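**Student:** Protein chains in written order, with the working numbering: chain H, 1 to 246; chain Z, 1 to 246; chain X, 1 to 246; chain L, 1 to 246; chain E, 1 to 246; chain W, 1 to 246.
Just so you know, the hints here were simulated from the structure itself, not pulled from any lab data.
Quantities reported herein were computed from a predicted structural model and do not represent experimental measurements.
For glycine and all other residues, C-beta sits at the position ideal for the given N, C-alpha and C.
Treat each hint with caution, since some may be false.
[What the hints assert, rightly or not] If you want the footprint, here are the derived chain Z segments under chain X, 3+ residues with CB under 8 Å:
no.	stretch
1	102 to 116
2	161 to 168
3	196 to 210
[Said to hold, decoys possible] So, partial list: chain E residues that the calculated Cβ filter (under 8 Å) puts toward chain L:
no.	residue
4	Gly94
5	Ser95
6	Arg98
[Stated by the list, open to error] Over the 10 Å line for every Cβ pair with chain H, so calculated as not near, a few chain W residues:
no.	residue
7	Leu15
8	His55
9	Gly195
There are 6 protein chains.
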Amino acid sequence: MRLQLATWQEVEAYLQRSTGIIMPIGSTEQHGPNGLVGTDAICPEAIAWALGERHDVLVGPTQNLGMAQHHLAFPGTVSLRPSTLIAVLRDTVGSLARHGFTHIFFLNGHGGNIATVNAAFAEIQAERSLGEHSGDELQLTLYNWFTGRRGRELASELFGDAEGGHATPSEVSLSWAAHPEAVKAVAMSPPIAPGGSAQCDARTFRQRFPDGRMGSDPSLASVEHGQRFLQAGVEDALEAYRAFLG
Amino acid sequence: MRLQLATWQEVEAYLQRSTGIIMPIGSTEQHGPNGLVGTDAICPEAIAWALGERHDVLVGPTQNLGMAQHHLAFPGTVSLRPSTLIAVLRDTVGSLARHGFTHIFFLNGHGGNIATVNAAFAEIQAERSLGEHSGDELQLTLYNWFTGRRGRELASELFGDAEGGHATPSEVSLSWAAHPEAVKAVAMSPPIAPGGSAQCDARTFRQRFPDGRMGSDPSLASVEHGQRFLQAGVEDALEAYRAFLG
Amino acid sequence: MRLQLATWQEVEAYLQRSTGIIMPIGSTEQHGPNGLVGTDAICPEAIAWALGERHDVLVGPTQNLGMAQHHLAFPGTVSLRPSTLIAVLRDTVGSLARHGFTHIFFLNGHGGNIATVNAAFAEIQAERSLGEHSGDELQLTLYNWFTGRRGRELASELFGDAEGGHATPSEVSLSWAAHPEAVKAVAMSPPIAPGGSAQCDARTFRQRFPDGRMGSDPSLASVEHGQRFLQAGVEDALEAYRAFLG
Amino acid sequence: MRLQLATWQEVEAYLQRSTGIIMPIGSTEQHGPNGLVGTDAICPEAIAWALGERHDVLVGPTQNLGMAQHHLAFPGTVSLRPSTLIAVLRDTVGSLARHGFTHIFFLNGHGGNIATVNAAFAEIQAERSLGEHSGDELQLTLYNWFTGRRGRELASELFGDAEGGHATPSEVSLSWAAHPEAVKAVAMSPPIAPGGSAQCDARTFRQRFPDGRMGSDPSLASVEHGQRFLQAGVEDALEAYRAFLG
Amino acid sequence: MRLQLATWQEVEAYLQRSTGIIMPIGSTEQHGPNGLVGTDAICPEAIAWALGERHDVLVGPTQNLGMAQHHLAFPGTVSLRPSTLIAVLRDTVGSLARHGFTHIFFLNGHGGNIATVNAAFAEIQAERSLGEHSGDELQLTLYNWFTGRRGRELASELFGDAEGGHATPSEVSLSWAAHPEAVKAVAMSPPIAPGGSAQCDARTFRQRFPDGRMGSDPSLASVEHGQRFLQAGVEDALEAYRAFLG
Amino acid sequence: MRLQLATWQEVEAYLQRSTGIIMPIGSTEQHGPNGLVGTDAICPEAIAWALGERHDVLVGPTQNLGMAQHHLAFPGTVSLRPSTLIAVLRDTVGSLARHGFTHIFFLNGHGGNIATVNAAFAEIQAERSLGEHSGDELQLTLYNWFTGRRGRELASELFGDAEGGHATPSEVSLSWAAHPEAVKAVAMSPPIAPGGSAQCDARTFRQRFPDGRMGSDPSLASVEHGQRFLQAGVEDALEAYRAFLG
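Excised from the complex, chain H in its bound form (with noise of 0.2 Å):
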């Protein structure tokens, strides 16, 4: 069920047999030659709305923007300050636990918002732990799609060392399977990018990766390929899912 289609009611009666709860996350960056800006919200949209319509789990709406600082020299990118992406997801779980909703499960598009995901939960539990809270346990998670074990054995089998760090031929696909309308057809040059760490300005991210990859070749992506990825993602994160609700 997806709670943007859902109503106030049908809310309601959901959390009588559930409080657990997944929330995509992704971020509108740059993704090399072929891939969307979108692809690390869509991907994690995509395993999220086919895992919640199979298996009975609300979904909640896509937080479209992340942690992107280091892809702001490519046109097209939209980041948040960590501080930022903190308060929004302050208030995000703050709503959502007045609720009732006791396991927020964030299924994470994106390796930028890692850190500042995890920054957030700390500021939220924080808070409950500096007031002596004596109220519900509040149980929060970050699952970031791309290392489940199904769609890792599926990337090395299909791409090997061609999947690389950063506009990966297993997200481009994955983006693709979710919208066939927006493939592109793009020649790389050098075929497998130059790899490197992504931790600085967006200025030298652009000296280091000047066509946006890092390390892979996503000339390898296909509609096929998604849809695999899209099946091995969404048993990954169900099985996930169901272990973090205990």
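Based on the hints, put chains Z, X, L, E and W in the right spot on chain H.
**Tutor:** Leaving out everything else, chains Z, X, L, E and W in the frame of chain H:
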């Protein structure tokens, strides 16, 4: 063109022919017995996507969360504090301005966002005004799809006094046109909900408006009506956008 | 009764007979060639003081600084950022609510404050709504003296199209009635200033409105007119305040 | 010259002959059984207005709210948090500096503001110091009218040990000289209130100081004494202001 | 060279031969029955001081407080909120960058700091990336002493499965080597504490981990072991620091 | 007892016999040609450690960074903004209060911290005062070691006018007594540095005080003198701490 479905090079090329962009902004909040929680995000998104496709305007990712504190006593509502939304918009505009966008048109679906979005514009401009900023002019505007002339006339013709102020048949229709799979058949009692002011906290709001509607009868909504609102909304918004670009 | 001229015991006694208060809020910003920098604070202050004295309503200290970033290219303008003004209002309301005030009526003299003050109200209520606040209802409203019916009719009768949007003859008149020692005789050219939008940064604003006026001819202002605006303003505001108290 | 009663062109002309300005800052807080809630704002305002008129110094609008958290258990007190007051002063100074003011003299009426105002000055200068600011020197100072030599001597001569630390006969006198219509005749018991520290929360403060006075007997106050404090205060402040301008 | 024990001229001279600096960062939090509250600060400080002395690297003052919200149900824990720690690191890095430091190496002793410190780095770089910063490259990295190869191997060899995740025998040993006067002899029951996740609030954490240990048996700690961890830690950190300087 | 060297059970036991704690707070800033960058942290830390050991008082971790913006033009200075230091102190006090500490005594080594620390105390108490906090009384105080009677007399006796205001021979002596390995022999010219105000930005400060000293001759410093200042400082601070506990 949707930013989420473009590559950075496509954005770079777009910037050669236009420095304007449309950013849909909505809310995630209860919309009465048959309205979707995502109504206020779905409506401007649907209008923006149609407009963007037909008229070569770049459309950014939808801001799904808005200022909805007064709806928090209804399950499913997720609200940002005004200070959080101001930070989100400051970072969004800062990212876009860095790429050279000069005219940023927020296409809004939620009355509760208006004050905060305008405060955010002032926060952004204040930073420039205090520092004797000498860069390019930056134009920001908020346009509410539900105040467009064509849409207003259509609502008046179709629904008259049953349009009301929240969970209106026009917005419910438009959201259903975008998501026909989510149409709900729910009886309303009384047919037209009581009206009143929404400037209060969540507990008071729910006391005043027990099923979430404000002065409306959304049982009049239909997909067919929604298609007409979509068409009217695109024309209204296009007119406003062109006037904004000057 | 003016709070600034009362003792705490007098306030304690007032709270026995009323939990409402009027808080004047203005701005410190240029008002064209013959308008006072303090116009927007002086006008609501004058109305509030007269109303408070005649009708036993407590009137708090005037908030002299408002959101005036667009006027910063004119010497003498002092602006708060929206985020700062929100913090000021949050602390002001928090202090008053602690004493038992339940109805806080901000009597405003500056259009540029409207969005930010309403965002501040939402920020304050959000804190209550997120926390399932179970205390007393807290009512906050913003009333703009310059939108009162009697005042609008008087401006229309006296000035017609020369009223304009900023540095209007009506507000200049009222400020002069409060401070006749500060009347200025200055020639205007052109008689009626150009109109336009104020939603921009300070540099752009000054380019659009070279002498600071927007669409007005304040050379029509006079102390005598101001006395009539004061009387109309008191009646308009009293009506609004009584409706607010319910 | 009062900024609130000047036009922007008059400010522009003033800046040709001086880049100094006096900003009165006070508080809105209980001042015992016969002292006005606005005492701490009224006193520096009265001194600043007299000084400004006699000596051609520009005087900005009064900051009526200060840091008065410890007085919040007495009705009528309105306090800003220190962080809020810092933001107010940052924006105030930023606005004035933009116009070319280089020497900003805060004329203070409230001991409780001293730490926060000095912290605000450091916050403002830190922004410049961290960034290797290369612009004009910006001089900020805080002057407390109640520590001037002439005023101290007068208080000692008139009241001796009955002067005390809060709700003093000297400040009550001065506020009455500015507002003779607000003189109150109230019996005090005991004649001289107990002394002690104000560094605590509001509940503790009221326990320590049941009627709000700290070590003072303000029944000794009079309008006539107040006129002498006004004269002494103007001379003290003028001396300090001239030394500040160097 | 320790910054705290140097003069500013010595720092000036150091900057001629290197623009790198090591900043120890820890936490103040419970470490089980025989571990010191300061363990996480003492360990990186001891390694940094030894490294700095032997290899002419400047070592800044230790950040003693970290993000330890989950330990707050144990007396003695002092935690910063993530947002506070981000502000501390922003100011620290801003100060160092102003002096010309280009490579700032945070030597960390606390797993709970990792997300927040990386979020802080992103906050700092975002400010540069949003503004098209054209200054020198600024390199920031976080190195956790407890993940160094030599140290890991030593812990494995000495403690095997009894190393655990918090209040480990390796960190307790190292802190004792730095402070032999603080060695404690305390019986543990059970010998190896239960394991689990620390991503929760303080009350939940204490329920999960009643004596504060996570999966460890720190009764195996000794000063002698600690001396070996110090030596291994210096070699591991030096290798990482040199790689960071490139 | 030093908190950093205690276990949580030892802290728990301490709280049975006392709810007071001493928190050393300093700064990291230039101290002239022969003074250590860490002087302002080292001095209160040395006094606190000696006091704590001799008199069974718990001493928390040293806050090494303070408000030192005016020293930022000298290499090695690391400053927190006042707003950052306020947040650090708010979290520190919040953590300690949660454990039951009621009397928190900040032992300070830096004049530049005074305003900000007092503003922080007000920020903390304001949160309690606005909310009608009904918990235990929380006492906070700032004590500056360099204003103790015994220390003042000793400085006067040993150094007379050469004591000055910053980089004084007394603080340099005390820091050397704590770290004899860091004694520096540096010639000073002129012997006594010029005096003046430190309330300015960093660039201005360095113009006024070219070698960093303010009115002092720290060539008079010695380890022996420092040992006497340590003894005097412990006695002064103990007296103040006992008075604070009441």
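**Student:** It remains to establish, for every hint, whether it holds in the given structure.
**Tutor:** Results of checking the hints against the structure:
{"no.": "1", "hint": "102 to 116", "verdict": "holds (count 4)"}
{"no.": "2", "hint": "161 to 168", "verdict": "violated (count 0)"}
{"no.": "3", "hint": "196 to 210", "verdict": "holds (count 6)"}
{"no.": "4", "hint": "Gly94", "verdict": "holds (5 Å)"}
{"no.": "5", "hint": "Ser95", "verdict": "holds (7 Å)"}
{"no.": "6", "hint": "Arg98", "verdict": "holds (6 Å)"}
{"no.": "7", "hint": "Leu15", "verdict": "holds (15 Å)"}
{"no.": "8", "hint": "His55", "verdict": "holds (30 Å)"}
{"no.": "9", "hint": "Gly195", "verdict": "holds (41 Å)"}
Hint compliance for this structure: hint 2 is the single one not met.
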